[in-house]
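K.L.:
Given chain X, put chain E in place with the hints provided.
Residue numbers (the working numbering), protein chains in the order written: chain X, 1 to 605; chain E, 1 to 605.
There may be inaccurate statements among the hints.
The list cannot tell twin chains apart, which means a pair is met if one copy fits it or any two copies do.
Claimed, not checked - Below 25 Å or equal to it, Euclidean Cα-Cα: the simulated DSS-like pairs (lysine-lysine) are:
#, residue 1, residue 2
1, LYS136, LYS104
2, LYS389, LYS176
3, LYS135, LYS296
4, LYS296, LYS130
5, LYS136, LYS90
6, LYS62, LYS90
7, LYS235, LYS410
8, LYS538, LYS430
9, LYS599, LYS257
10, LYS185, LYS151
11, LYS538, LYS431
12, LYS104, LYS410
13, LYS538, LYS496
If you are wondering where the hints come from, they were derived from the structure by calculation, not from laboratory data.
2 protein chains.
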Amino acid sequence: MDAAIIRERLRELREAMQKEGIDFYLIPSSDYHNSEYAAPFFQTRAYFSGFTGSNGTLLVSKEEAGLWTDGRYFVQAAAQLKDTGITMYKMMVAGEPTILEYLKERMPEGSVLGFDGMTLAAETGVEYAKELQEKKIKFRYDKDLAAEIWKDRPPLPCTEAFVLPEEISGASYLIKSTEVRAKMKEYGTEVLFLAKLDDICWLTNLRAADVACNPVMLSYLLLTMEHAYLFVQPKAVTEEVRAYCRENGITVMDYAKTLAHMSGYAPTGDMLFDRSNVSYTVFTVLRQITLNRGHKLINRPNPTLLLKACKNETELRHTRETYLADSAVLTEFLYWAKHHAGREHLSETDIAEKIDGMRAQMDGFLDLSFDTIAGYGANGAIVHYKPEKETAAKAEEKGFLLVDSGGNFKTGTTDVTRTIALGELTEEMKKHFTLVCAAMLRLANAVFPYGCTGRNLDTYARAPLWAEGLDYQHGTGHGIGFVLNVHEGPQNIRWKYGQAQPEVALEAGMLVSDEPGIYIEGSHGIRTENILEVREWKETEQGRFLCFHPLTYAPIDPDAIDLAYLTAEDREALNRYHEQVYECIAPRLADEKIREWLKEVTRPL
Amino acid sequence: MDAAIIRERLRELREAMQKEGIDFYLIPSSDYHNSEYAAPFFQTRAYFSGFTGSNGTLLVSKEEAGLWTDGRYFVQAAAQLKDTGITMYKMMVAGEPTILEYLKERMPEGSVLGFDGMTLAAETGVEYAKELQEKKIKFRYDKDLAAEIWKDRPPLPCTEAFVLPEEISGASYLIKSTEVRAKMKEYGTEVLFLAKLDDICWLTNLRAADVACNPVMLSYLLLTMEHAYLFVQPKAVTEEVRAYCRENGITVMDYAKTLAHMSGYAPTGDMLFDRSNVSYTVFTVLRQITLNRGHKLINRPNPTLLLKACKNETELRHTRETYLADSAVLTEFLYWAKHHAGREHLSETDIAEKIDGMRAQMDGFLDLSFDTIAGYGANGAIVHYKPEKETAAKAEEKGFLLVDSGGNFKTGTTDVTRTIALGELTEEMKKHFTLVCAAMLRLANAVFPYGCTGRNLDTYARAPLWAEGLDYQHGTGHGIGFVLNVHEGPQNIRWKYGQAQPEVALEAGMLVSDEPGIYIEGSHGIRTENILEVREWKETEQGRFLCFHPLTYAPIDPDAIDLAYLTAEDREALNRYHEQVYECIAPRLADEKIREWLKEVTRPL
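In isolation and in its complexed conformation, chain X is listed as follows:
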């Protein structure tokens, strides 16, 4: 983007600010629901700054403009902000001010901070309001200034919704809403307001494609003890969906009128909501309408969260089958990559397109579940790497290729990472690969008493790395949705938690990823990821124990294993897993050559 264009856009923005009496204008990166991916409609920050990274906040005043982003984007942001007059501020770097610190220092007493409150997290807005109170800062959060300035703005995403049939979902809306209402009652509340899109989709058994990689629809849901109001874009509602909602007593309302409707809504009792999932604007409306009627607004995790996380038997059956099909395709891809990548002239994007294309051919394919990461060599060490056509590395006949990919299907959501050797490896690379393999298998084979959280279990995966002075700077595992988001709470596997991160015990029916890694900057990156299902193991006199059961069955490249770094138990675990891989996947491979190759790579070591 030409810096002159950005400067002109900022000029227009400042003009609009002046007209509205706004002194500082803040542009976050979120959509209205804090989704993981914001649609083009919501790329306001990129429009006004030119910076296209996934995380960034723009702050504009009459004289200055600043953009805050994190370590992944310092290089990119510096390049994209050049000559725009926008200063980059590094997040989580000592000496650099946070947005709040900047606001507290620079905003004159009694001045006005503007932002589109629909795109600012309630938690952030509440914090800002509290911290800026002393300086008597006023908020103007009802104006999206981009609405007037951004002429060729893409439309709000709107795809046709569809019903996930009960033979797939395993539980009807009526059953789920009964469970949710029981929770509402338990919390002493009579009304629930849901803004989290995957929670709404889980509860209603509806799906769409309004957010990239997340089969959800832009919506809100108001649930009382007797009624349900689904706010959704009229164009998203097919005849099938309309009939389905009618049958289930769900009143369909216009998404565009959510705020207007809610502002006039009079709750009959205390209202339940999850502050970490609503925008500042929605929060202020909910606060006002409960206050008006003398009711309380109860901030708790959505009751849908834990119910959604514990998959029912039907969901598990479909998930298992979907992972077997996905694993077979991945195995075919690995065969292809081992034989072509590095030998032919293939770039990281070519490789990503290959696996994406193979998944797209699969039965019931809806979309990728996230952007495929294909990182060759040193790029494998960049944890959130996404290859771009212009800058993608070419695979060579040496070192590692890391591929982290997954799909959304009508019968499940997949996620898997394999790292493969494309040729010669150093001793250190093999050591690292082998330790990561051991780490993944140790967690996969853990058994543990009910009550354990990710804090307790993460040690299983990290212990073999820690013993060598190694570690990785990301969590070991996240929850996974069913025909929903690939990152789903509340469970996860990590050894440290931030203040706001919930810590819940693992329960039977939960899905978690198991994805340890080792990343050596400038050299190589390794990650091996299986998805695990939590199951009951056994109840003894000493307690009730749970275990994991793998959903993913794909080979772990034996070319990169150095047996010196596996204990006898680790080696046995790898051989046992590979035996299962062959058993489960061979019958699904049409190509005799690939079957033979699989036999070879899953041989006992």
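P.N.:
Relative to the frame of chain X, chain E by itself:
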């Protein structure tokens, strides 16, 4: 105790209650500082109820009397309360009311609850006050009714204090108080009130013997930026201590006048205190005097807590030497026990007296650091077992003997558990013993990045047990003092935390116990405990890593090891540990026979 005597004492108590206008009178089990052991002076609950367990609260009204205790004491309490008219209420048993529930239900509106506020934890008093507000219950907490009724009450403990010289403590009071004042400043406070006895002793480098097994003195300390006031019993202050305090600018005040003095004290700024460590009476005084002056009372963990936990190099040097000496004596005891217990007519108390007597002969011995647990056979499965002369089991030539013991010395505080085979064992017993051995060694050999807490590390110890469907219902480790309490915070090793339990990262210089176990009710109990020192391991590009270093060197009975339950790594770890035990301890054994025996029991397996 004759039930008639108890009934007479309750009659006198009720008479006093009526005179004072008290409707319900509560008698907790604590001393004025919530010490682990309450001196005979504080055994008011035992005096009025006849129940002598370590945990119990008596509640008396005109018509009724109830005693609350936990699962360890249900049998004993039922027997001791027989015919006294006191009802036992079981703590943490579904369907049984808690004390608070009982009070809420039974106390008439506007009635008066009496208790000695010096013996009730502030947290409890505050909770009661809040919960009983609705019923307008009034508190009368300035009266210890036992003072008038209990004629032959033992005196308040008062032993002579002594100074721990700097060559032992490693840091003078001046250095420590400077560190503490820096923390006070960091928290924005100008005054610190300390009620926790081991914190006061650590800070002042004074010791005494006012609490059984804890070498502390009954005291309070008021620290300002310029002054220090030590409230202590005049008889405890020797000429040496008086001179020491004078030199260090510590003003000695009368312990008996603490409340009177503090009530008239006018803090010059915000006051720091730790609500979990003060009595309800002290809390109300501190609240009042800060409120009077418009200052805040800041509730935070004592700044002394973490400083005390991280031992300095001098403390570590003495601790290591003390543990070597203690380990040598324990080894001699184990030799004796293997050759005499079960073969001669020895009871659990005989055995406990043997090890206690051996420790009492050691250089610098002050006291036991806790009551020795010597449990034979099924008694080993009772986690907090303490043998009593009348009921102690006789050791036989089979099964396990568990001995958990330790001492306080002028150069350190020890704690160690060994379980030994006295003869034939079942296959299951050997399996359990071997798994506990593996569990202890796995934690001892863990290396981990800085930032890990007991939540992360506990998994090392439990994993081998969990894998067999086994577990133990206590924490794996606690912190340990230096010539102070054997149980010391804030660090510990456990996989679950209660709400009020702090979670802190392990730091170099901390000491923790490593004591996994297996307890099979009615059959056998096994625990193996080493004390570990936290040390820096190394800093790599991937992080700063810590490790453990054992302080305890005593053999783990090879007669009870079944190699089938050790991995190759576990076996190697055991052999390596035993090699170190022999190397460190053999030179300290005067008796050639014991040296030879040690060589044999520490042979490589």
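K.L.:
Out of the numbered hints, which ones does the structure contradict?
P.N.:
Going through the list in order, the structure violates hints 2, 5, 9, 10, 12 and respects the others.
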